[in-house]
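S.K.: Start from the sequences, fold in the hints, and give me the full structure.
Number of protein chains: 2
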Amino acid sequence: MLPSQKFTAAFSAAEETPRTLVENAYLALRQDIIEGKHLPGTRLRVEHLKDDYGVGAGTLREALSLLVSDALVYSEGQRGFWVSSISPEDLEDITRNRILLETEALRISIRTGTDEWEAGLMAAFHRLTKVEEKLNNSAQQFREWEERNRGFHEALIAACDSRWLRYLIGILYRQSERYRRFALGSDSKRNVHAEHQEIYDAAMSRDEKRACAALELHISTTLFVLREAPSSPSPPTQPPRRSKRDDLPPK
Amino acid sequence: MLPSQKFTAAFSAAEETPRTLVENAYLALRQDIIEGKHLPGTRLRVEHLKDDYGVGAGTLREALSLLVSDALVYSEGQRGFWVSSISPEDLEDITRNRILLETEALRISIRTGTDEWEAGLMAAFHRLTKVEEKLNNSAQQFREWEERNRGFHEALIAACDSRWLRYLIGILYRQSERYRRFALGSDSKRNVHAEHQEIYDAAMSRDEKRACAALELHISTTLFVLREAPSSPSPPTQPPRRSKRDDLPPK
DNA sequence: AAAAAGCAAAATCTCGAGAAAAAACAGGCA
DNA sequence: TGCCTGTTTTTTCTCGAGATTTTGCTTTTT
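Protein chains in written order, with my numbering: chain A, 474 to 724; chain B, 474 to 724.
No lab work stands behind these hints, which were simulated from the structure alone.
If several chains are the same, the list does not tell them apart, and a pair holds so long as it fits within one copy or across any two.
Calculated lysine to aspartate or glutamate pairs in the DMTMM-like style (CA-CA distance at most 25 angstroms, straight line):
id: 1; residue 1: K510; residue 2: D524
id: 2; residue 1: K682; residue 2: D566
id: 3; residue 1: K523; residue 2: E549
id: 4; residue 1: K510; residue 2: E520
id: 5; residue 1: K510; residue 2: E549
id: 6; residue 1: K510; residue 2: E620
id: 7; residue 1: K603; residue 2: E668
M.R.: Structure (structure tokens):
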């Protein structure tokens, strides 16, 4: 997320207004990585990219440094930048920790949430419901759904007073978002809305245990679905090995 | 931590060998921030700092961007960089989440740790014990203790197979390290070694509940001690307000 | 007085070119 | 063929100077 919003916006959902070319390049690059325009494991050569994104080399380097903090880009001194690799193990790891952190945040939210929190959650759920009712498979629709889904999950934990917890959750959420894009459309048979409904109902009735269980199931199911996804690319190993042509790491 | 070591070294304790000027400046800056040479809330002016650290402006900017990911530096487009503020609330927040994450990691370690893990823990505890026995108040001693303490906490969770969990713990640990430096020497009356001993014993005897309880108490006590510390600086607010002289944010 | 507007100084942001390092390639040797 | 070695090419890393924005101070207005 934008450095200035690290602790304000949980999932950095809303208005990220770039004020400099660095931030501009950062947002564009992040979008392209999450959407898969730059495949996991591929090199990000500054010389080429600076033309694509219309900025100087130094500027692009700085944008890449920012992406390192989101763990979307990996770098090694004197050897350049890569798009972070993905793997089933990594996704499982992310999922496990998302459950740990998000259920904790939800627990706090339910315990301390005010009327404002309920109102926000209600609004976010409504927005999500509307787009889930008329869900076709267009890319535009998916992007809209992605945005509202993020809004719903953010609203769930909005009353959590721990800035750090929200910040850490944000990091993990964006990671899982990238995985989800790679399995686009493969979870058609799954009834996501029912899961959301259950979480929503439990949260609104302030039932901690039931809400957390529903949320855990929800996140776990995502892992299960993605694991079965046929479009999931072969897993390159994390640290780029020295090889002749390492546009794509070996294995 | 160094971008290339984000997921390898948990607390980035060991060999962080800078390969470029950027990494060099990053490590030097981080050291100076943690040790309090740059006070929380103060501006980090690129123009001045580039001379102090002997690098170009662009290089220093990149190093600062790296520090943003450690949440040690805050930045806002077109307005520059600041040392992240500290506050009692922030410390409490960090502590709460350290407990959540580190006890989880310890639980996993105890459950899955091999003989190798026990051996590593034993060695780390021995190193720590030796320095705690002859503890005077010299800065050199304290630095040595800090390093070995980090090693002990790292060894505790070394058998945790979740890279992400270790990574997140590392972020929080460095934050609390900064707070600890600000309260140097104020925990003289506390018997830290006894706490470490209890954690160690419980972990070695594979008693999950007892070990986690001891670790939680240990981390909590740190919060309590630091909260009482007289040398703790006044808490500046996180986002730098627009003020005439904001070398030190208001309040 | 307090607030708004205007001006000067400082700092940030940005780019392109040169130095240094790594990767790719080719040739020689067992 | 397989492996080491030296050369060429590509890429990263670094710096300094110029454009833009912000900031601080002074003056003017209500």
